[in-house]
Amino acid sequence: MNTTAIWAIVRNDLRIFRTDRRAVVVGILVPILISAFFGYVFGGTGSAETGKIPIIVVDEDQSPVSQAIADDLKKDSMVSVQLLDREQAQKQVKAGKAQVAAILPKNFGDDSVRALFTGRDKPKVEMLIDPSQAMSSQVVQGLLVQYGMQEITKTAFSGTTGTDRLADYVKQLEADSARQPQAQDLSNLLTALRQVNSRRSDSTGADATGIQRGLTMPYDVTSSTVTSGNDVPYNAYAHAFAGMTVQFLLLAGVDAGVVLLLLRDRGIWQRFRSAPLAKSDFLVAKTLSTMLIGLFQTFVIYAAAIAIFGVRINGSAAAFIALAVVFCFLNASFGLMLAAVGRSAGATRGIAVMVTLLMVMLGGAWVPSFVFPKWLQQASLFVPTRWAVDGLDAVTWRGLGFDAALWPIAVLAGTATVCLAIAISRFKWEE
Amino acid sequence: MLSLVNLIKRFGDRTAVNEVSFEVATGQTLGLLGPNGAGKTTTLSIMSGLAKQDSGTVTFDGRVVLPGDGFFKLHVGLVPQDLALYEELTAWQNLELFAGLYGLSTPKFRERADDALSLVELSDRRSHKVNTFSGGMKRRLNIAAALLHDPQLLLLDEPTVGVDPQSRNAIFENLLELKRRGKTLVYTTHYMEEAEKLCDRIVIIDHGKVIANDTVHGLYRRLPPSQTAFLQIDPPISNDVIARLSGLPMVDSVILVPQGLQIESADFAASLGPILSVLNGAGTRVAAVQAGGANLEDVFIYLTGHALRDEKAPASA
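Taken in sequence, the protein lines are chains R and L. Note that our numbering gives residue 1132 to position 116 of the first sequence, counting from 1, and the numbers run on in steps of one. Note that our numbering gives residue 245 to position 130 of the second sequence, counting from 1, and the numbers run on in steps of one.
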């Protein structure tokens, strides 16, 4: 192996990279900016307040029950509520200014309390949904169930309307008790419950012991994120930087391949070939230079991620370095393979960029792969970028050890070796 | 030193090099002449080991040269027709790369690079980026890059193409200096005057075939005995006098040129007397008579039937 020649080519490529401001901007600044954007959109460092879902409540009933539900929704941290009429609500949802509108119809309060005891003639709550925000409607439906049950049962067992409805229902049960023995038991239970509620004196819904009237959620939910350690919040920038680093390194590999194709048409190619240089020396040199440039880009991008966006390598630092090295090996060999099989620079660049973006998308570099359908998640395991992104996620915000990066390292190294083998066998050196 | 025997190279249906044979002796400068597309560059590519011939052999110092022959490459320097330089780097950085390809150590590189830059008169521009150079300076650096490993044989493919006359002269001086140093040069060009001044021997190629292989004097001897003379006259003559001159025996043509006449005659010695007599009769004074000579362009036209730079070239040769 001609190490002097290999080093000369590597040094030359590094010099050219250093003088090429466009390459530095595209290879380092652009991924940092795009990562910052994606990271911010997907939650930033986890400390910022997440956006509330804008919803509309149309209260056509104006009863104590419907007003209480609207008040409960207003106090909820997940939604921001506007009270409008039906026509305005439709306009707002259509314009995308509100994601969901819930319409509480006339007589909602009375009908819902009656339906609570009889199970018949339930009032219909209409939902107007922005189809691009279907997930939001499910959140709002859940909140309506929670606050609806709370306010309807409270009214049913304590308010004037509820007391009247309960009395009617008890009478009906007593009339039926001759035919249905259970009806008498239920009548006794509801009568006792009415007596308990009637003794409560305050109007807040709670008695002297602080016990709420009506049904309430029988448990409280607390949640904590499972990240690299206790009190370590999820940093969405970590995933964004992993994805964008992978994307831009692969594009740099494509560029290296295209530059090599262009080189073939230049006099400099003749000079390389007229020198006592073996094809293998040339390919080794090109692999090394592309790898070194890729590693430089990776470390600068992650330095910015750490310094500015709070990304931390909470897992194995050695695994992070190993992942960076094998991925840079992959992007170098991918570029060489393109140079070996490509016919013209223009056509090769077009196809390669398309394939790269597809790999990057399927690899979960833009949006995490867990949001993909199940079949696509399985299929994406055949895409090396998926392993690169998962590996970088594992050693950054997930805080996992070297063992978690072993499979990604193996898959990336294997793919890189296959690309290099194709490049060596197909690369035209003699003419 | 270098011998080519019956080289054939085809590109599809077209035969770019057709049974080309010639030899280059050590220290000799050989000009490979021909129009664009004649097969010069392809022949040079085979000679340098870059392209593989379909048949025929190239031998260097008695050993057959094969594509990728490392020993041969160490003794040959190639100056490609296209500028083989990284324009975004300095002259010195370019040379550093090319020296590295030949495995030169740092001290050796510095010594050779200094010498090469001095030869092409670019020592003071070593730290400047190539994209700040003029076309002629780039051409000279292109030559310097091929000299770093001190090759015995230098193959130059149109080293003066596309540069202004002043730069051509500078490059020409560089090549003369290399010749003085005893380097063997093979030089493709379609500038006849350069080849005439520089080359010991000239091979003329047309349509892939060698149509002449001789010294410059040997090539001139192939021309038929036609002579041209320039007569400086005062005052200018009328068309009637020109017609009378044209009608003289042995006079082939008479052309009115600025300040005189250009007369072509198969036997100028015999026709000079009657010409002067006609001019005296017309009251015209002959201030000077200058015998004209043929040049390599005339030789090329005589041998091929067409001018050197008129040929429309196929792209790949």
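Careful: at least some of the hints might be erroneous.
Under the rule of at most 27 Å between Cα atoms (straight-line distance), these lysine-lysine pairs were calculated in the DSSO-like manner [unchecked claim]:
#: 1; chain 1: L; residue 1: LYS253; chain 2: L; residue 2: LYS223
#: 2; chain 1: L; residue 1: LYS223; chain 2: R; residue 2: LYS1295
#: 3; chain 1: L; residue 1: LYS167; chain 2: R; residue 2: LYS1295
Across the chosen pairs, the derived CB separations fall in these ranges [to be verified]:
#: 4; chain 1: L; residue 1: LYS244; chain 2: R; residue 2: ARG1359; range: 29 to 35 Å
#: 5; chain 1: R; residue 1: ARG1359; chain 2: L; residue 2: ALA381; range: 21 to 27 Å
#: 6; chain 1: L; residue 1: ASP230; chain 2: R; residue 2: ALA1323; range: 31 to 37 Å
Just so you know, these hints were derived from the structure itself, not from any lab. Each residue gets a CB set at the ideal place from its N, CA and C atoms; glycine is no exception.
- Item | Violating hint indices (sorted, rising) | 5, 6
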